[in-house]
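Trainee: Sequence:
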Amino acid sequence: MANHKSAKKRTRQALKRKLINSQILSQLKTNINKFTELIKAKNKEEIDKSFNLVNSSLGKATKKGLIKKQYMSRKLSSLSKKTKNI
Numbered sequence: 000m001a002n003h004k005s006a007k008k009r010t011r012q013a014l015k016r017k018l019i020n021s022q023i024l025s026q027l028k029t030n031i032n033k034f035t036e037l038i039k040a041k042n043k044e045e046i047d048k049s050f051n052l053v054n055s056s057l058g059k060a061t062k063k064g065l066i067k068k069q070y071m072s073r074k075l076s077s078l079s080k081k082t083k084n085i
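For the sequence shown, numbering that gives the first Met the number 0 assigns the number 0 to the initial residue and increments by one for each residue that follows.
Simulated from the structure, these hints should not be mistaken for lab results.
Positions of the beta carbon are idealized from the N, C-alpha and C atoms, including for glycine.
Simulated restraints, written as ranges between beta carbons of each label pair:
#	residue 1	residue 2	range
1	Thr82	Met0	49 to 59 Å
2	Lys80	Lys59	20 to 30 Å
3	Thr10	Asn51	34 to 44 Å
4	Ser55	Ser5	29 to 39 Å
5	Ala1	Lys48	41 to 51 Å
Please put together the full structure from these sequences, using the hints given.
Mentor: Here it is as C-alpha cells:
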C-alpha cells in the first residue's frame, strides 16, 4: 500500500481512469454488436445511424489511447464494406 500522499492520490486517479476507460470500451463493443445485429436484419436507415455511433465510439477510444489508430481504421473499413453489400 502507498505511504506517501502523492502515491495515494495516484492510486485514486488510476482507479478512476480505469473505470472510465472500461466504460468507454464497453460502450464501443456494445455499439459494434448492435451494428452487426442491424446488418443481419438489413435495416438500412438504422444501419446508417448505428454506423455513425460506431465511428464516434472508435474515434473517442482512439483519442484516449485505449485502442490503436490502425485498429480503428481496420474496423471502420470492414464495417463500411458490410454496409455497402446491403
